[in-house]
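S.K.: If you want the building blocks of each chain, they are given just below.
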Amino acid sequence: MIESHATTEGIHGHPALQHHFENMEQQREAGTIGMWVFLVTEIMFFGGMFLAYALYRSYYPASFASASNHLDITLGAVNTAVLIVSSFTMALAVYFTQVGKQRPQVICLALTLVLGLTFLGIKAVEYHDKYTDHLIPGRLIPSAPFGPAVQEEGQPLDHHKVHLLPGATLPQVEMFYWIYFAMTGMHALHMIIGAGLLTFLLIYSIKGRFDPEYHSPVEIVGLYWHFVDIVWIFLFPLLYLLGRHFEHG
Amino acid sequence: MQPIESFEVPVPPKVNYINAKYGLKSWLLTKDHKRIALLYLGSITFFFFIGGLYALMIRLELLTPQGDLMESTTYNKVFTQHGIIMIFFFLIPSIPATLGNFLIPMMIGAKDLAFPRINLLSWYVYLIGGIITIYALLAGGVDTGWTFYTPFSTTFSNSYVVATGLGIFINGFSSILTGLNFIVTIHTMRAPGMTWFRMPLFLWSHYATSLIMILGTPVVAITILLLAFERVSGVGIFNPALGGDPVLFQHLFWFYSHPAVYIMVLPSMGVVSELVANFSRKNIFGYSFVAFSSLAIAVFGFLVWGHHLFVASQSVYAGMIFSFLSFAVAIPSAIKVFNWTATLYKSSISYDTPMLYALGFIGLFTIGGMTGLFLASLAVDVHVSDTYFVVAHFHYIMVGGAMMGYLGGLHYWWPKISGRMYPEGWGRFSALVIFVGFNLTFLPQFVAGYLGMPRRYHAYPPEFQVFNVLSTAGASILGFGMLIPAIYFVWSMRYGRHAGSNPWNLPGLEWRTQSPPPTENFEVTPIVTWEAYEFAPPEETEVVGKFGPEPERI
Amino acid sequence: MQSWIPLIPESASSFSWKVDALYFYLVGVTLFFALLIYIGLIFFTVRYRRRTPYEIPRPIAGSHKLETIWTIIPFVIAMTMFGWGARVYFEQYKPPENAIEIYVVGKQWMWKLQHATGQREINELHVPVGRKVRLIMTSEDVIHDFFVPAFRTKADVVPGRYTTMWFEATKPGKYHLFCAEYCGMNHSGMIGSVYVMEPRDFDNWLAGNTGSSTPAAAGQQLYQTLGCVSCHGANGEGGRGPTLAGLFGRATPLEGGQTINADEAYIRESILNPGVKIVAGFTPIMPTFQGQVTEDQLVQLIAFIKSLPGGTGAPGAAPDASPAASAPLPSPRTASSPSGSPTENVR
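Chains as they are written, first to last, in the numbering used here: chain A, -15 to 233; chain B, 13 to 566; chain C, 779 to 1125.
Since no wrong hints were added, every one of them can be taken at face value.
Stretches of chain C that chain B covers, calculated by requiring three or more beta carbons in the stretch to come under 8 Å of a beta carbon on chain B:
1. 815 to 821
2. 840 to 846
3. 852 to 861
4. 913 to 923
5. 958 to 967
No lab work stands behind these hints, which were simulated from the structure alone.
Cβ atoms here follow ideal geometry from the backbone N, Cα and C, with glycine treated the same way.
Chain A with its partners taken away, still in its complex shape:
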């Protein structure tokens, strides 16, 4: 009933093969499935917030539209473009690793990292704008509690003031910003983790650790990066775009 299983022993002596795997193929498969499972987890994690968003948007449509209109759509759009390009360079990095071209691989990883950091920088600018407009919800920052100025009818237009559509109230605008900061903050945290992972990849890549047989770390981080990108693709329209027609016709 028992046969000794010697087929794979001693054949694959790749230095990156961990002792408990039979071969590189099994190791790569485990890593990839592991990342997919992890991403499922992530979807559920963001899912809770998307549910909260959907619920309160349907409760308070006018307030959510008013608050959404106050977001800086230009910065948001630029950031969307930055992320999409970074996903492209990440995909290229995976490709160059698979075919074993080290130089373009290093360049693409570096580009991805730079684009990721650019996104975070723009996000920081946006957050700062919200801070100066007193839009950080609650007492999250004790010295600057929530309390934006409200645009009155007939006053000169001031983009630091929140324009409340009919039916909108400030507490509900605060709710929007609470969800906005929870979702984009969680997304930014994922970006920071992604940037950290990319830094490691870059170092290993410069050292020439990856080859066509061992490229799964790049592939796996790539999966993660695309996921974080896709989350933003959902966040941008939901937070920035939906409800603009109330204001802009």
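Given the structure of chain A, go ahead and fit chains B and C onto it with the hints provided.
M.R.: For chains B and C alone, coordinates are given in the frame of chain A:
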């Protein structure tokens, strides 16, 4: 065929995973799934005794109706902490993190889990979550109930809600990582010949459990995170005073916490499938039905959370849908019970301790499951929800179900884990004591609940006293019964009889290697040519590698 | 002191026997299946105990026929439980006609109740036997739950929204009232008694307790002092604000084309967040009264609006104090326990 070890006086293997390396560091930095399982075993036992201590305090307080043993604030903390410790730090990790961790690689013929480092990380994450929670308990405790209902938890409670929430949040990642590791391992690490339908049912139930862990846990993680931020910052999506919806919290919370019940009981069902088959030496009746019923429970389990909200201002129609689905989820459980019973037909049943636990499980789970139907049934639930009927019901599932399975599994695999046998006589005695004590504790609570005794009451009308006295008497017996295994397991580690590689004479892969196993489990990767539960005479159940005979055919 | 241990609580409402009947059915099914399993287990473990150490019984793969049987039979039985339970549940939440309305406000850790005739009670509730009683409930702080075991009914009392429950007491006596949703320190002290009285005794009790004004009258008082009069008219006939007379329970068109049923939740919301749902043809000029009115006062204002005669506000009509005549029947959708869909309640 030559005779194998079990006919001889067992000789302990010279090198095994326990003595392969020495020193604290070799344990704290181990990547061996078996050692990590033992780390988990130690830590969950620690938490179990803390939780048990709280249970004892609850039962002592409720001995008299006046609530004279402790202040109501203390009592509120005690039952809250009993729930939090027992659920998040004992029951959820209990079987998966110990028995699952130890056995999944062995049962599929792998050297380790797919991600040994993540496995170790999950234990540390568990530990950090546990330490933060213990800190919260020592600093002053938490009094929200383990359910953390808003707006009480966000606005009105003056206890350590944020610290406890943080502990649970962190602990959740341990659960996610364990689930992820199991899924990937079962997908990619099976030995040649170990097809999906040759897997022991223990693995199917752990696969289903892992699905719940990875799908449900993140939702409760984000929910608790939002709750904690809400408490700190004074904004709130759960706070009605700020325009939030307190019932949203209940939806999100139960979306995880109802499936979490299946995290606790599914692995136990897997253990019981093993025990029933192996101790009656009979393949499981309707293997594929039992296997798929685990997956069905995992999937349906996500669709029934609303039955916790029948009286919580949910709409009538939502209530009806959730009631319907809750009845539907009962069916796979019923299928399991019928199949286990049918397995015994024309079998060869031994009365060893693990089998006693398995029979106890089936008996108690039948009651627990059937009383679940009372709660799924809308009109009766309106009357009994938030009463002791509910308390009795879920203890029948969690203690009568999950705990019985855990203890049964621990006895069954103890020879493999430690290399030594536990004392059989004491084992049977304690199994009976636990069974009797358990029933005496929780049967009266069904009656008290239907009579209307609300749960989480520190003092209660005197007419309920008789039930509480019975409960407390039962709990003392139960507690005593739990101490016996704790003592003899420790005793047996040094003085128990050597078990040999296959003391029960069984065909599973975990029994085809030495006890305790070597660090890499098998000398060579096994090739599986037999079905699950294909029982054979002892001389045909061979040990993999140098302990067994050389293969005759290639 | 009774010498035997009861297994079911006292039955004192029209639901009691219905719930008990279902309960006994469930107990019966449970006992049947538990015994079936237990007898099977015991019989098999004795009959097929291991006789020789290494015996190997003949494997049996399974039986699709048996699996089908024990999938379908439990399912059918479960569906009878579901149907039965759902029917009684639906009845419990279908709002009764001509019910006495009682307002309930829960707070840590007491129940405040007020009859439509003005009597206030704390942790006690007096109701007549044989009359339908509808409770309109809300909370000032955390979630509570109004539970009367003898009536076999309970409902959460949720801050920020109104929930309702109803019962018809059938047996005079004194029964437990519990808070069944954990609400903090003195949760177990948030208890009280429901006194079910013969109608004549109840009338006597009402007559002997005419302390405060009726909720509707108090609401009218508030209506004056808060200045609602200036826009909604002295008798709710409308003006710059929409007409209130006859508003309650009526489908009201909103700005933006939607229609809403004007129930308690809507009126409450319109007082606290007036800008959210504006009646068609009006502008959002009403200030919010958030923080200026308590839950008790909100309930009184609603009672006043309910009491306004329908149509063109008959001037000078004192708010009607007769409990039976007050509320027009709300549609089943809004009154179904916690009224309608959750989205309708909190905005």
